[in-house]
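Trainee: So you can see what is in the structure, the chains are spelled out below.
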Amino acid sequence: MQIVLSREHLARVEQHGERSYPNEGAGFLLGHAAGDTVTISAVLPLENRREASAQHNRYELAPQDYLRAELEAAARGLSLVGVFHSHPDHPAQPSEFDREHALPHFSYLITSVRGGRAGATHAWRLREDRSGFDEDALTISQEEDTV
Amino acid sequence: MARIRIPTPLRPYTGGQEHVTVSGRTVGEALADLTRQYPELERHLFNGGQLRSFVNVFVGEEDIRHLDGPHTPVTENTQLLIIPSIAGG
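Residue numbers (the numbering used here), protein chains in the order written: chain A, 1 to 147; chain B, 1001 to 1089.
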């Protein structure tokens, strides 16, 4: 799969990770899928609902946030296509905890934030048998694709 | 027959359907009927026969964990929602 993300949306993902540092920041990705390409059209940064003492290496988005995001996507003619989150002072690779909690058919963007500055962002997708993630190609487009 | 709302990432397993009609007198029976109709959903909803910890089932606005769990009764007018808790580390 290929994930297409505008520079502006990537910047919002990175900024949420930096603002949340040294904790993890997370949110939803709205967009549309066509063939082997998922195009991100909106980024919804959200509050990390984990208890404060765990937020440095865990994130959680509330069921109510999930439902709101699905309804907002539908209202904008989009789909809920994935989740983004940051890894403070760790690589942009999914952890075992990420795998255990991941959903199929979702794009997972992970941004490494070191010392408060966003670094690499990579895109991942859970394998059908839940055994691990495969990396998706991430393409940064020059123009914003908004609806 | 109750109706279950399927979250977006699981709709590929229900032929793209947002809502699935199921039979059963309890939430547990309704979910069993759902996975009977769409067996590929099973591994994403259950682990060792138990609902995965990040899978929430709501009856209206109430999480079944705050009701009677899988024994929560459903009627033919019940709307069930499967809503994942999005979590990771």
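Since the hints were derived computationally from the structure, they do not count as laboratory data.
Source: prediction; values computed, not measured.
Hints may be right or wrong, so weigh each one.
[Said to hold, decoys possible] A partial selection of chain A residues facing chain B, derived with a Cβ cut-off under 8 Å:
| id | residue |
| --- | --- |
| 1 | Arg19 |
| 2 | Ser53 |
| 3 | Asn57 |
| 4 | Tyr66 |
| 5 | Glu72 |
| 6 | Leu78 |
| 7 | Leu80 |
| 8 | Asp98 |
| 9 | His105 |
| 10 | Phe106 |
| 11 | Ser131 |
| 12 | Glu135 |
[What the hints assert, rightly or not] From chain B, some residues computed to sit far from chain A (all C-beta separations above 10 Å):
| id | residue |
| --- | --- |
| 13 | Pro1012 |
| 14 | Ala1032 |
| 15 | Thr1035 |
| 16 | Gln1037 |
| 17 | Glu1076 |
| 18 | Asn1077 |
| 19 | Ser1085 |
No residue lacks a Cβ here, since even glycine has one placed at the ideal position from N, Cα and C.
Trainee: Work down the list of hints and note, for each, if the structure agrees.
Mentor: Hints versus structure:
no.	hint	in the structure
1	Arg19	18 Å, violated
2	Ser53	14 Å, violated
3	Asn57	5 Å, holds
4	Tyr66	5 Å, holds
5	Glu72	12 Å, violated
6	Leu78	10 Å, violated
7	Leu80	5 Å, holds
8	Asp98	4 Å, holds
9	His105	4 Å, holds
10	Phe106	5 Å, holds
11	Ser131	11 Å, violated
12	Glu135	16 Å, violated
13	Pro1012	5 Å, violated
14	Ala1032	21 Å, holds
15	Thr1035	15 Å, holds
16	Gln1037	18 Å, holds
17	Glu1076	23 Å, holds
18	Asn1077	20 Å, holds
19	Ser1085	6 Å, violated
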